[in-house]
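With chain A held as given, fit chain B onto it using these hints.
Read off the chains here:
Number of protein chains: 2
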Amino acid sequence: MASSTLRIGIAGYGNLGRGVLAAIAQQSDMQLVGVFTRRDPSSLQLPDSSIPVHRLQDASSHQHDIDVMILCGGSKDDLPVQGPQLAQWFNTVDSFDTHPKIPQYFEAVDEVARTHKHLSLISIGWDPGLFSVNRVMGESILPSGTNYTFWGKGVSQGHSDAIRHVAGVKGGVQYTVPVQAALEQVRAGRNPTLSTRQKHTRECYVVLQPGADAKRVEHDIATMPDYFADYDTTVHFISEEALKRDHSGMPHGGFVLRSGQSGHGDSQVIEFSLKLASNPGFTASVLVAYARAAWRMKATGQTGARTALDVAPGWLSPKSAELLRKELL
Amino acid sequence: MASSTLRIGIAGYGNLGRGVLAAIAQQSDMQLVGVFTRRDPSSLQLPDSSIPVHRLQDASSHQHDIDVMILCGGSKDDLPVQGPQLAQWFNTVDSFDTHPKIPQYFEAVDEVARTHKHLSLISIGWDPGLFSVNRVMGESILPSGTNYTFWGKGVSQGHSDAIRHVAGVKGGVQYTVPVQAALEQVRAGRNPTLSTRQKHTRECYVVLQPGADAKRVEHDIATMPDYFADYDTTVHFISEEALKRDHSGMPHGGFVLRSGQSGHGDSQVIEFSLKLASNPGFTASVLVAYARAAWRMKATGQTGARTALDVAPGWLSPKSAELLRKELL
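Top line first, the protein sequences correspond to chains A and B.
Residue numbering for the first sequence follows numbering that gives the first Met the number 0, starting at 0 and increasing by one per position.
Residue numbering for the second sequence follows numbering that gives the first Met the number 0, starting at 0 and increasing by one per position.
Excised from the complex, chain A in its bound form (with noise of 0.2 Å):
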């Protein structure tokens, strides 16, 4: 059963399974066992030579020697396949994010994993995840209120990638804005009825093809349907170099307020929120710690697929609950 190390497998190596790999270091009861990857694993370059990289094609050969397998592939090609896929032979725990193919993902992913009875937790990160966790909580506690989210200040991909779609544009990037105006009225407990334009406007950094109009590219940037048109978008043209220099990180982070009334109409704000420095970072940093009490959850004979809705906040922590009782409650 369960030695006292936790040992975890990474499958996929991108930016997400990068973090995966760092954050495993920062916890002391883990251990990882291997990379997995559909690329030739000798083109991998680790940052240690001594970690084994294998053939995703091989998985199953090690389903013995892997506690949890951490799925770091994305939520538009990869999971769909290898969350259930990997559920046949791992606890798993994954970060697919497409929230309305949540419930049919879960179902996919929830049938192999009881059939093979393996534990695996779907759509962990921040949103879906932590933020869910406060809207469940919230909702929960004050049931007379509202929920709001607000995302950023950070860098949506979607939205970088619908950029430099644009004829005319060399390169860009786009920065989702939470209004800091709607914010303080929710948190002065107004419950305002907020418009998609109140709540975010949309700042994009980008790089014209050489002879590009910038006129034109301004306007199709800002009147492009679903991405743009429906709220306030600057545009800002900026050197090939400035884009590299001051643009290539990828900050995000967001807020999840819930403003309601208690029993006697006393208004009361729960706010929860996160500035981060790297969204694959601290995405992968949720993901370790979720491995955790994924393999507490199998532990205790529990099977199929979860969300963060399931996990009790002690299972994510490598304290014994006697410990997380006098140190932390």
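It is worth saying that the hints were derived from the structure and are not from the lab.
If a hint is listed, it holds; no wrong ones were tucked in.
DSS-like cross-link-like pairs, simulated, lysine-lysine; straight-line CA separation at most 30 Å:
{"id": "1", "chain 1": "B", "residue 1": "K325", "chain 2": "A", "residue 2": "K198"}
{"id": "2", "chain 1": "A", "residue 1": "K297", "chain 2": "B", "residue 2": "K325"}
{"id": "3", "chain 1": "A", "residue 1": "K243", "chain 2": "A", "residue 2": "K214"}
{"id": "4", "chain 1": "A", "residue 1": "K169", "chain 2": "A", "residue 2": "K214"}
{"id": "5", "chain 1": "B", "residue 1": "K75", "chain 2": "A", "residue 2": "K318"}
{"id": "6", "chain 1": "B", "residue 1": "K318", "chain 2": "A", "residue 2": "K116"}
{"id": "7", "chain 1": "B", "residue 1": "K198", "chain 2": "A", "residue 2": "K152"}
{"id": "8", "chain 1": "B", "residue 1": "K297", "chain 2": "A", "residue 2": "K297"}
Quick look at chain B alone, frame taken from chain A:
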């Protein structure tokens, strides 16, 4: 076994008990079965005269009518007796908040609850409680980092009582106030080392007895060991009318921050905060949501004492796990 409506009892009818009564009315799946008091039941003024009031000493005869008993007594004298006693007959939830005595209180309740196959959630509220949840999650996700807790702005009952015991004082209220500059340093990820004095100030609003020496009273308050000597304390002298008019509420709140670095050294800050117009009103709302969790945990076979650290967020909600995944994840 479980009826579809959760049948709740309230033991103790002070500020907290009144808040719990009002909070139950906000929950669609709960029913208040009765209030239990050490006073003469006919002396209690309930908002709804149809609510049965019983003697606390007769509680055991109602053990089959109540799914969860919410204990609303004080931590100093009531709960150390009532917690273990009522765990004989009921699943219980309480707000025991004397931090250093929690391990001892846990043991006492745990033994009785295990023996009688009940589930007791102890030390539920916001600190201990929601703040503890955030301290544990923060430390688990970012093991390399520091926890910070700031309280206020809010009324401290203990410090207000201490003021009122100073010779020459007729009445008074004490507010604990977090130092904004310290909070901003933590938010900026600077990981400061903060002394007691650097984290909070204390503001006192005091009504003097006729003929009392204001200078002496101010000195006696500001130099009081444990309560004020280690803080920058401000004493405002006000009229009895102003005290009643401007300082009879029980606002409170505070901040739990985890400032740390993820695996590649990026600065990450997690913040949880509360801004409460009524401290007992909010604590009551938390107790009621956790009563639902207590019942669910019992229904899945758990017995003994537990804390907020053992409660998965989804168990607080009346919604099914499936609905939560769809709506709030």
